[in-house]
Amino acid sequence: GNSVTQMEGPVTLSEEAFLTINCTYTATGYPSLFWYVQYPGEGLQLLLKATKADDKGSNKGFEATYRKETTSFHLEKGSVQVSDSAVYFCALNPTGTASKLTFGTGTRLQVTL
Amino acid sequence: DTEVTQTPKHLVMGMTNKKSLKCEQHMGHRAMYWYKQKAKKPPELMFVYSYEKLSINESVPSRFSPECPNSSLLNLHLHALQPEDSALYLCASSPLLSRGKGDTEAFFGQGTRLTVV
Chain H
1 GNSVTQMEGP VTLSEEAFLT INCTYTATGY PSLFWYVQYP GEGLQLLLKA TKADDKGSNK
61 GFEATYRKET TSFHLEKGSV QVSDSAVYFC ALNPTGTASK LTFGTGTRLQ VTL
Chain A
1 DTEVTQTPKH LVMGMTNKKS LKCEQHMGHR AMYWYKQKAK KPPELMFVYS YEKLSINESV
61 PSRFSPECPN SSLLNLHLHA LQPEDSALYL CASSPLLSRG KGDTEAFFGQ GTRLTVV
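Going down the list, the sequences are from chains H and A. One point on numbering: in the working numbering, the residue at position 71 of the first sequence is 71, and numbering is uninterrupted. One point on numbering: in the working numbering, the residue at position 95 of the second sequence is 95, and numbering is uninterrupted.
Each hint should be verified, as a subset may be incorrect.
Heads up, incomplete: computed chain A residues facing chain H, CB under 10 angstroms, no partners named [as the list claims (entries may be wrong)]:
no., residue
1, Q6
2, F64
3, S65
4, C68
5, A87
6, F107
7, Q110
Over the 12 angstroms line for every Cβ pair with chain H, so calculated as not near, a few chain A residues [to be verified]:
no., residue
8, N17
9, S59
10, S72
11, A80
In the DSBU-like style, the derived pairs of lysine-lysine whose C-alpha atoms are separated by at most 35 angstroms in a straight line are [unchecked claim]:
no., chain 1, residue 1, chain 2, residue 2
12, A, K41, H, K68
13, H, K77, H, K52
14, A, K38, H, K68
15, A, K40, H, K60
16, H, K56, A, K18
17, H, K60, H, K77
18, A, K9, H, K77
19, A, K9, A, K19
20, A, K22, A, K53
21, H, K100, A, K18
22, H, K68, A, K19
23, A, K53, A, K40
24, A, K9, A, K22
25, H, K100, A, K19
26, H, K52, A, K18
27, H, K77, A, K40
28, A, K38, H, K56
29, H, K100, A, K53
30, A, K41, H, K77
31, A, K19, H, K56
32, A, K40, A, K9
33, A, K40, H, K100
In short, the hints are calculated from the structure, not lab data. In this text, a Cβ means the ideal position worked out from N, Cα and C, and glycines have one as well.
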């Protein structure tokens, strides 16, 4: 079956620090990969996505590269801000017509001044 | 308009009550979803509707009854819930693409936070 493994949180960083949140996946075929962000008390927002091997998704300074050889999709940001504090979910969608997302357990990021 | 709107935002109900959650989107998406999210856990898929027809039911108890009256609306009818059903209920929508024609990005609403007392 499909599964997504994320690094355990919480991750606590000082403002302007470099961020990496690891994500690896198991899936058959060629899934699409996503990072969603959830701010306190809110729903999920799509942060970035990649649909095929070697694609790089990017948005708001965050980046992730679809690495098929290592089945990974690690999230990075060069300089985090306090406003980036949230829970980050890695997710995959298997090849198909509809969305049937499998999420990782989520990683809470806390950024302090 | 790239919004998925859910109402109400908060709901408290007794175990003998009947209530409904509502979801609306105007992006022309023909797939709609209900997810359940417990505290500090990832969302879990409950139901998928494709072209207003139920296509996936992830073995959800019958006290949850989904309904898709048209392509823009999705309801979740609740009856005889248990306290352990308290959670954030998320609605999402996505396009339905021809197989192999690209990814199917899901757009989520803000959720309804349900408390069963």
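Quick rundown of the hints versus the structure:
no., hint, verdict
1, Q6, "holds (8 angstroms)"
2, F64, "violated (18 angstroms)"
3, S65, "violated (21 angstroms)"
4, C68, "violated (13 angstroms)"
5, A87, "violated (13 angstroms)"
6, F107, "holds (7 angstroms)"
7, Q110, "holds (4 angstroms)"
8, N17, "holds (24 angstroms)"
9, S59, "holds (14 angstroms)"
10, S72, "holds (17 angstroms)"
11, A80, "holds (26 angstroms)"
12, A:K41 / H:K68, "holds (26 angstroms)"
13, H:K77 / H:K52, "holds (21 angstroms)"
14, A:K38 / H:K68, "holds (31 angstroms)"
15, A:K40 / H:K60, "holds (25 angstroms)"
16, H:K56 / A:K18, "violated (46 angstroms)"
17, H:K60 / H:K77, "holds (9 angstroms)"
18, A:K9 / H:K77, "holds (32 angstroms)"
19, A:K9 / A:K19, "holds (13 angstroms)"
20, A:K22 / A:K53, "holds (17 angstroms)"
21, H:K100 / A:K18, "holds (28 angstroms)"
22, H:K68 / A:K19, "violated (45 angstroms)"
23, A:K53 / A:K40, "holds (31 angstroms)"
24, A:K9 / A:K22, "holds (10 angstroms)"
25, H:K100 / A:K19, "holds (26 angstroms)"
26, H:K52 / A:K18, "violated (45 angstroms)"
27, H:K77 / A:K40, "holds (23 angstroms)"
28, A:K38 / H:K56, "holds (31 angstroms)"
29, H:K100 / A:K53, "holds (16 angstroms)"
30, A:K41 / H:K77, "holds (24 angstroms)"
31, A:K19 / H:K56, "violated (43 angstroms)"
32, A:K40 / A:K9, "holds (19 angstroms)"
33, A:K40 / H:K100, "holds (21 angstroms)"
Comparing the model with each earlier hint shows violations of hints 2, 3, 4, 5, 16, 22, 26 and 31; every other hint is respected.
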